[in-house]
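Visitor: Sequence lines, in order, name chains A and B. Position one of the first sequence corresponds to residue 1 (full-length UniProt numbering), numbered consecutively onward. Position one of the second sequence corresponds to residue 1 (full-length UniProt numbering), numbered consecutively onward.
Hints listed in this document are in silico derivations from the structure and should not be mistaken for laboratory results. Don't take every hint at face value.
As the list claims (entries may be wrong) - Derived BS3-like pairs (lysine-lysine); straight-line CA-CA distance at most 30 Å:
1. A:K271 <-> B:K297
2. B:K271 <-> A:K60
3. A:K160 <-> B:K61
4. B:K161 <-> B:K183
5. B:K314 <-> B:K297
6. B:K205 <-> B:K160
7. A:K271 <-> B:K61
8. A:K99 <-> A:K61
9. A:K160 <-> A:K183
10. B:K297 <-> A:K161
11. A:K297 <-> B:K160
12. B:K160 <-> B:K314
13. A:K215 <-> B:K205
14. B:K297 <-> B:K271
15. A:K297 <-> B:K161
16. B:K161 <-> B:K297
17. A:K271 <-> B:K60
18. B:K271 <-> A:K61
19. B:K215 <-> B:K196
20. A:K271 <-> B:K183
21. A:K215 <-> A:K183
22. B:K215 <-> B:K271
Number of protein chains: 2
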Amino acid sequence: MEVGNRYVTLKNQLERDEEPKETDFEFKTSTISLAPSNDDEVIVQNLYVSIDPYQINRMKKQSSSHKAINFAFALSPGQAIDAYGVGRVVASTNSKFEKDDLVAGLLGWEEYSSIQGEFKLSFLRKLETTMDLPLSHQVGVLGLSGLTAYGGFYNVGRPKKGDKVFVSAASGSVGNLVGQYAKLSGCYVVGSAGNKQKVEMLRDKLGFDDAFNYKDEPDLTSALQRYFPDGIDIYFDNVGSEMLETAIVNMNTFGRVVVCGVMSEYTDETKRAAPNMMDVIYKRLSIQGFLAADHMKDYAEFTSVTSDYIRNAKLHVLEDISVGLESIPSAFVGIFRGDNIGKKMVQIV
Amino acid sequence: MEVGNRYVTLKNQLERDEEPKETDFEFKTSTISLAPSNDDEVIVQNLYVSIDPYQINRMKKQSSSHKAINFAFALSPGQAIDAYGVGRVVASTNSKFEKDDLVAGLLGWEEYSSIQGEFKLSFLRKLETTMDLPLSHQVGVLGLSGLTAYGGFYNVGRPKKGDKVFVSAASGSVGNLVGQYAKLSGCYVVGSAGNKQKVEMLRDKLGFDDAFNYKDEPDLTSALQRYFPDGIDIYFDNVGSEMLETAIVNMNTFGRVVVCGVMSEYTDETKRAAPNMMDVIYKRLSIQGFLAADHMKDYAEFTSVTSDYIRNAKLHVLEDISVGLESIPSAFVGIFRGDNIGKKMVQIV
Chain A
1 MEVGNRYVTL KNQLERDEEP KETDFEFKTS TISLAPSNDD EVIVQNLYVS
51 IDPYQINRMK KQSSSHKAIN FAFALSPGQA IDAYGVGRVV ASTNSKFEKD
101 DLVAGLLGWE EYSSIQGEFK LSFLRKLETT MDLPLSHQVG VLGLSGLTAY
151 GGFYNVGRPK KGDKVFVSAA SGSVGNLVGQ YAKLSGCYVV GSAGNKQKVE
201 MLRDKLGFDD AFNYKDEPDL TSALQRYFPD GIDIYFDNVG SEMLETAIVN
251 MNTFGRVVVC GVMSEYTDET KRAAPNMMDV IYKRLSIQGF LAADHMKDYA
301 EFTSVTSDYI RNAKLHVLED ISVGLESIPS AFVGIFRGDN IGKKMVQIV
Chain B
1 MEVGNRYVTL KNQLERDEEP KETDFEFKTS TISLAPSNDD EVIVQNLYVS
51 IDPYQINRMK KQSSSHKAIN FAFALSPGQA IDAYGVGRVV ASTNSKFEKD
101 DLVAGLLGWE EYSSIQGEFK LSFLRKLETT MDLPLSHQVG VLGLSGLTAY
151 GGFYNVGRPK KGDKVFVSAA SGSVGNLVGQ YAKLSGCYVV GSAGNKQKVE
201 MLRDKLGFDD AFNYKDEPDL TSALQRYFPD GIDIYFDNVG SEMLETAIVN
251 MNTFGRVVVC GVMSEYTDET KRAAPNMMDV IYKRLSIQGF LAADHMKDYA
301 EFTSVTSDYI RNAKLHVLED ISVGLESIPS AFVGIFRGDN IGKKMVQIV
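With the hints as constraints, model all of the structure from the sequences given.
Guide: So, in C-alpha cells, the structure goes:
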C-alpha cells in the first residue's frame with residue numbers, strides 16, 4: 001500500500017553567514033510504500049523528531065574541509081532531512097524489528113521514514129514497551145542530546161569532584177543536562193544563557209551554583225573572573241566565539257575545553273574564536289571536539305544512570321515541544337533566536 | 001672566596017608585539033661566593049646554556065592570565081635570567097652533588113649559578129662522567145628540547161605507524177627531533193621551514209619524506225593538500241597563527257594537534273590563529289598544550305632511547321653553538337630571525 005509522505009525540505013541552500021528563515025523551507029509530499037520493497041528495510045511512522053542547531057551546517061554552502069566528513073553531510077533543496085526521533089514500526093523486513101515496535105534513531109522531518117543501509121540500521125534502537133517514562137524523553141534526555149551531554153561531560157571532560165565547570169548555552173538541550181550531571185558529580189557549576197528567565201531557571205530550578213545572562217555582561221573576562229574566582233577546570237562549549245576565548249583565559253592548569261557546538265559561529269563565521277595559544281601551552285589545556293556517535297558504547301550505562309536520576313527526581317527534564325509537522329520550520333528558526341528552553345522537538349502524530 | 005659573576009640581563013621589558021634587539025640586553029657583574037652559604041645549595045660553573053624562543057614571553061609585559069603561571073615567570077630588568085644548561089659543580093652543601101660533578105638543569109645566562117630551593121634542585125641532574133656523547137648534547141637533544149620533542153610527540157601526539165605527521169619550524173631545536181622520531185616510528189613526515197637550505201637539510205639529511213619553505217607558498221591550504229593528499233593525523237605546532245588554522249583544515253578525523261610553541265605569535269599577538277571549531281567538532285580533533293616538565297617521569301626512557309639512536313647514527317644531532325657569554329644576546333635575537341639550524345646554545349667556558 002502506498003501513502004502520501006509529507007516532508008520538510010530546503011527551498012534553497014543557506015548562505016554561509018545567514019540565520020535561517022521559515023521561508024527557506026517548504027513542504028513536499030512523496031509517496032512511500034508501507035510494505036518494504038527491500039530486504040532489511042524498516043518503515044517507521046514518526047512520532048517525535050528532534051530539532052537541533054547543528055542541522056544548519058548541513059543547509060549551508062559547504063566549505064571544502066567539511067565535504068569529506070561522514071556525519072552531517074550536506075543537504076540539497078528538495079531532499080528529505082534526516083533527524084533523530086522516535087516512531088512506531090509500520091512494517092519491517094529486518095529481523096530485529098517488527099510491526100508496532102517503538103524505535104528511536106535517525107528518522108526524519110517527515111511523516112514516515114524508510115530506514116535501510118548499515119549506518120542508519122546500526123543506529124536504530126528498539127525501545128522497551130514497558131518503559132515508565134514519557135516517549136518524548138527518548139528524543140532528548142535519553143536520546144542523542146542526552147548522550148552528547150553524558151559522553152562529552154564524562155568521557156571528554158573527565159570531571160573530578162570539586163571541579164569548577166562552566167557551561168555556555170546552559171539552558172539548551174545539551175547544556176542543561178551537562179550542568180545537572182556536573183552538580184550530581186559534586187562539581188561547582190555556572191551556566192550562561194541569553195535571558196533572565198533562563199538564568200533564573202538554571203539557578204532556581206536546576207540547581208546550578210550560579211548563572212548569568214551574557215548579554216548583560218559588557219566584559220566577559222571580568223564576568224568569568226567573578227563567577228570563577230578559582231578558575232575553570234572544565235568548559236563545556238556550546239557557543240564558540242568570544243565566550244571560548246574568554247573561558248580559555250580563565251581556565252586552570254590542565255583544564256579541559258569540551259567543544260560540543262559553536263552556536264554563535266553557525267550563522268556568522270567572522271565570529272571565530274582566536275584563543276590565546278600561550279594559555280593553551282602554559283596551562284596545558286586540551287581543546288577536544290567530539291560527537292555523540294563516538295560514545296555509543298556507553299549508551300546502556302547512560303540510559304540506565306539517567307533514567308534512575310529522572311525517576312528519583314534528581315534530574316529535571318526540560319522539553320519544549322511544538323505540535324505538527326508544519327511547525328518544524330518555525331521550531332528550527334526559533335532555536336537560533338534562543339526561543340527554546342531545554343530540548344526542542346516536534347510531535348508529528 | 002668571592003668572585004665576580006658576569007651575567008646577561010634585560011635592559012628594559014619588551015613591548016608585547018616587538019622582536020627582541022641586542023640593545024634590549026646588557027651585561028652586569030655581581031659577586032658570588034664559591035663556598036655555599038646555605039644548606040642544600042649547589043654552586044655551578046656554567047659550561048653551555050640553552051637559547052630558547054619561549055624566553056621572550058618572560059621578557060614582555062605580561063598579560064594578566066599568565067601572571068598566575070609558575071613556569072616562565074616574568075623577568076625584571078637587572079635580574080639574572082635562568083635557562084637550561086650544563087655545568088660543573090664548584091661547591092655543594094647538597095648531599096647528592098659534590099665538587100667537579102657535571103650537572104644539567106636550570107642554570108642561567110651567567111658564569112656561575114647558585115642552585116637552591118626545591119624546584120631548581122629537583123630539576124638538577126648529575127651526568128654520568130663516563131658518557132661517550134658530547135657534553136653539548138645534554139643541553140639539546142638529551143636535555144629539555146629533546147624531552148619536549150619526545151614527550152610531546154609520543155605522549156601527546158600518540159603516534160601510530162603510518163600516521164601522517166606535519167611539523168612546523170621543523171629545523172628548530174624541537175621540530176627536527178620530532179620529525180626524526182616520527183620517521184623512526186614509521187610515520188610519514190613533512191616539515192615546514194623558512195629557507196631553502198633548511199628545507200634541503202630536512203629532506204636530504206634528516207630523512208623527512210618532504211619539506212617546504214612556507215615563505216614560498218602563497219596558499220598554505222593548497223600546499224598542505226599537496227604534501228598531505230591523505231590528510232594530517234598529527235600536527236606538531238611550533239608556530240601557531242595561519243599555519244595552525246590551515247593544518248586544522250587539513251587534519252584527519254581524530255587528529256591530534258600538539259601545541260608546543262607559537263613562534264609567529266610571540267612577537268605579534270595580532271597573528272593569533274582562529275581555528276575552525278566546526279572542524280574540531282566534526283573531525284573530533286584534540287588541541288593539546290604541554291610542557292616538557294610534565295614528562296619528567298619519562299626522562300630515563302627518553303635519554304636511553306635517544307642516546308641509542310644517536311650511537312647507532314639513526315638520529316642526527318643538529319647543534320648551533322655560539323661561543324662566549326657575550327654572544328648570548330645576538331644568539332637569542334637570531335632565533336627570531338630564523339638564523340639557527342637545530343639547537344641553539346652558547347658555550348660559556
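Visitor: If a hint holds in the structure, say so; if it does not, say that too.
Guide: Status of each hint after checking the structure:
For the hint linking K271 (chain A) to K297 (chain B), the alpha-carbon distance of about 41 Å lies beyond 30 Å, and the restraint is violated. The hinted pair formed by K271 (chain B) and K60 (chain A) meets the criterion: a straight-line CA distance of about 28 Å does not exceed 30 Å. Among the hinted pairs, K160 (chain A) with K61 (chain B) is inconsistent with the structure: their alpha-carbon atoms are about 35 Å apart, more than 30 Å. Distance hint between K161 (chain B) and K183 (chain B) is fulfilled; the C-alpha atoms sit about 9 Å from each other, no more than 30 Å.
Distance check on the hinted pair: K314 (chain B) and K297 (chain B) sit about 24 Å apart at the alpha-carbon level, within 30 Å; holds. The suggested pairing of K205 (chain B) with K160 (chain B) holds, with an alpha-carbon distance near 24 Å, which does not exceed 30 Å. Annotation: proposed proximity of K271 (chain A) to K61 (chain B) holds, straight-line Cα distance about 28 Å (limit 30 Å). Restraint check: the Cα-Cα separation between K99 (chain A) and K61 (chain A) comes to about 39 Å, which exceeds 30 Å; the hinted pair is violated.
This hinted pair checks out: K160 (chain A) and K183 (chain A) have alpha carbons roughly 11 Å apart, not beyond 30 Å. Taking the CA atoms of K297 (chain B) and K161 (chain A), the gap is about 26 Å. The hint holds against a cut of 30 Å. A threshold of 30 Å between alpha carbons decides the hint, and for K297 (chain A) with K160 (chain B) the separation of about 23 Å falls inside it, so the pair holds. Taking the CA atoms of K160 (chain B) and K314 (chain B), the gap is about 19 Å. The hint holds against a cut of 30 Å.
A distance of roughly 57 Å separates the Cα atoms of K215 (chain A) and K205 (chain B); the hinted pair therefore is violated under the 30 Å criterion. With a C-alpha separation of about 35 Å, the suggested pair K297 (chain B) and K271 (chain B) falls outside the 30 Å cut-off, and the hint is violated. Of the supplied pair hints, the one linking K297 (chain A) and K161 (chain B) holds, its CA atoms being roughly 26 Å apart against a limit of 30 Å. Simply put, K161 (chain B) and K297 (chain B) have alpha-carbon atoms about 24 Å apart, close enough for the 30 Å limit, and the pair holds.
Simply put, K271 (chain A) and K60 (chain B) have alpha-carbon atoms about 28 Å apart, close enough for the 30 Å limit, and the pair holds. The straight-line distance between the Cα atoms of K271 (chain B) and K61 (chain A) is roughly 28 Å, inside the 30 Å bound, and the hint therefore holds. As the CA atoms of K215 (chain B) and K196 (chain B) are separated by approximately 10 Å, the hinted pair is consistent with the 30 Å bound. Proposed proximity of K271 (chain A) and K183 (chain B) is contradicted: the alpha carbons are some 39 Å apart, above 30 Å.
Restraint check for K215 (chain A) and K183 (chain A): satisfied, since their Cα atoms lie roughly 25 Å apart, inside the 30 Å limit. Distance check on the hinted pair: K215 (chain B) and K271 (chain B) sit about 16 Å apart at the alpha-carbon level, within 30 Å; holds.
Of the numbered hints stated above, those contradicted by the structure are hints 1, 3, 8, 13, 14, 20, listed in ascending order.
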